[in-house]
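Each protein sequence line maps, in turn, to chains A and B.
Residue numbers for the first sequence follow my numbering, beginning at 143 and rising by one.
Residue numbers for the second sequence follow my numbering, beginning at 4 and rising by one.
Hints listed in this document are in silico derivations from the structure and should not be mistaken for laboratory results.
Treat each hint with caution, since some may be false.
Taking beta-carbon pairs under 7 Å as the criterion, some of the chain B residues facing chain A (in silico) [as the list claims (entries may be wrong)]: (1) Ile81; (2) Gly103; (3) Ser203.
Beta carbons: idealized from backbone N, C-alpha and C, even for Gly.
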Amino acid sequence: MSDRPHPVLIGIAALVYLFLMLPLVIVVGAALSDTTYLTFPPQGLSLRWFQNIFEISAFRRTIVTSLQIALLGTLIALLIGIPAAYALNRFRIELPKWLGTLFVLPILVPEIVFGFALLKSLTVGTGAPIFLSLLIGHTLIVLPYVVRVISASLASFDFSIEEAAISLGSAPVKTFFTIVLPNVRAGVIAAFILAFITSLNDVSVSLFLTGPGISTLPIQILAHVEQFFDPTVASVSVLLMFLTVAVMAIVERTLGLTFLAK
Amino acid sequence: MTQPLDINAVSAHYGTTKVLEDLSLSVQAGELVSLLGASGCGKTTTLRLIAGFLAPTSGSISLGGRDLTRLPTHKRDIGLVFQNYALFPHLSVLDNVAFGLKQRGIGADERRKRAMAMLERVGLAPLAERAPGALSGGQKQRVALARALVIEPPLLMFDEPLSNLDAKLRVDMRVEIRQLQRANGTTSVYVTHDQEEAFSISDRVAIMNAGRLMQFDRPEVLYRRPANTFVARFVGFENIIPLKVVARDGDIVVAETAGMRLRLPQSLFGQIPDTFLLATRPDGLVVSTDPAAEGLSAQLGLRTYLGRAYQYQCETPAGHLIANGSLTTPLEAGTNVKLVPMPEQCTILAAEDAR
Chain A
143 MSDRPHPVLI GIAALVYLFL MLPLVIVVGA ALSDTTYLTF PPQGLSLRWF QNIFEISAFR
203 RTIVTSLQIA LLGTLIALLI GIPAAYALNR FRIELPKWLG TLFVLPILVP EIVFGFALLK
263 SLTVGTGAPI FLSLLIGHTL IVLPYVVRVI SASLASFDFS IEEAAISLGS APVKTFFTIV
323 LPNVRAGVIA AFILAFITSL NDVSVSLFLT GPGISTLPIQ ILAHVEQFFD PTVASVSVLL
383 MFLTVAVMAI VERTLGLTFL AK
Chain B
4 MTQPLDINAV SAHYGTTKVL EDLSLSVQAG ELVSLLGASG CGKTTTLRLI AGFLAPTSGS
64 ISLGGRDLTR LPTHKRDIGL VFQNYALFPH LSVLDNVAFG LKQRGIGADE RRKRAMAMLE
124 RVGLAPLAER APGALSGGQK QRVALARALV IEPPLLMFDE PLSNLDAKLR VDMRVEIRQL
184 QRANGTTSVY VTHDQEEAFS ISDRVAIMNA GRLMQFDRPE VLYRRPANTF VARFVGFENI
244 IPLKVVARDG DIVVAETAGM RLRLPQSLFG QIPDTFLLAT RPDGLVVSTD PAAEGLSAQL
304 GLRTYLGRAY QYQCETPAGH LIANGSLTTP LEAGTNVKLV PMPEQCTILA AEDAR
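Chain A extracted, bound-state conformation (with noise of 0.2 Å):
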């Protein structure tokens, strides 16, 4: 046996990348060219309609509302969402099998139906206002991730290391920080990464939570390519992906991401 990979793996390879790759190189061509409509290759190079995102006034506000929620919302279902792992996984003999689902329900249910349940109950049924109600929708549906996440890093941590410190003197809650936290640390990022990145571009459920005067990003966009064919939803595409990238670089460079290679 050789070390070096079969010709044709190399090949499949080469090919999986280029259908990852080939409609991001297609959104950021699209998002500089010069012309008035969108087109690919690009023809004259521009920045104008990156320019124009700034200057549309619906898209200053949205994308500040869509950071807001994707933050706001993250940040909640942590605070949810640890406990939550921590005690389905600590407790997992006592505690019924079918509750470990509940956590998964949101993603199960198809996300129209869970939006329109969302505007139905929420903003229908209580009055709550827009931002709030697309704080628990955004909240809700990215629970799931987070628990599920965090529960995964959980199962491999093992509790008598837990034990062995509140033997040692440290009481359970400080226990839980000092010990056990640090441990699931790299699931915690992970869960973070992919609730913001969900809920940032989650279209169906603000949908329907988005109203008068607020909405998100993906739905502004929505909006737009309804009345225009200009490159800007391009290059806003280009720019929720910078986003993207930068919340990671971000976290890599602060918390370290080597736990994505595992």
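Go by the hints and put chain B onto chain A.
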């Protein structure tokens, strides 16, 4: 620092299942007591009750006269050594050992000094700055031991600490644990399913079965004079033969079963009741080809080689028995022999105990 531990009539349940029934056990100050039994016998439950990870449904536990029953684990001041080491993966070896001292509010310099001294004692001082993940199994267990000892607990508990180590290291480590425990004079509870380990390391051993204490005594007594058929079988008395006394002549008692007559000196066993069980190990039955020998008629079955002897599965009128025969004259399956019990290698059990 060393204190006695008292477990007083403790019962415990998991849900509705009773896992421990009315257990009473006293460990003297400085003594090492093993809890021995198969999985599910309640030994780990007992340890978790003492540690406070479980609450008893009834009964009480006290250490040096201080009632522990309602005290949370982190206030019990007990050193624990776990089977899977349970070292903190994100802390260095030194910080692992210093962790308990930190919880006790001891300053950084003093912590470091004491932790290093303890690592020195277990021979791991050069590895103080390593991460636990970089250590071998034996080294990890030494760190765990140092971490439990450095807080100078009045009670030290071990939960199958050597099960994950290979055979040679297991023997070395148990000697090391015993030496450290002796040197510190720390009262200790040691949970294991390994009989040799329990007998070699302990002052006294509590043999448990199905949530009950079967016998609690020194290893020498358990090995020679088991109190009931469970303990007898557990320590290797594989042959248990029911007998009836037919005559008493001074010190000699004549007992009978299935055509065998046996003369037993009462001085060897104490008072022999009219019906009783005679228990022996395979070594306690002599395989005799002399048809005139006074013993149980038996037909030999499967022969296995033990190195020091041949072992025979035997069918007798008193049931299936196991006997060891000499290496010089291997016998074939189907041979009719006599099995002669050697009284000094037998023990006597109460007949009503037949289970």
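Next on the checklist: Hint Gly103(B) vs chain A: min CB-CB distance below 7 Å?
Outcome noted: Constraint on Gly103(B) satisfied, holds at 4 Å.
Next on the checklist: Let's test the interface hint: is any C-beta of chain A closer than 7 Å to that of Ser203(B)?
Outcome noted: violated, 25 Å
Next on the checklist: Take the shortest C-beta to C-beta distance between Ile81(B) and chain A; is it under 7 Å?
Outcome noted: Given a least distance of 6 Å, the restraint on Ile81(B) holds.
Of the numbered hints given earlier, the model fails hint 3 alone.
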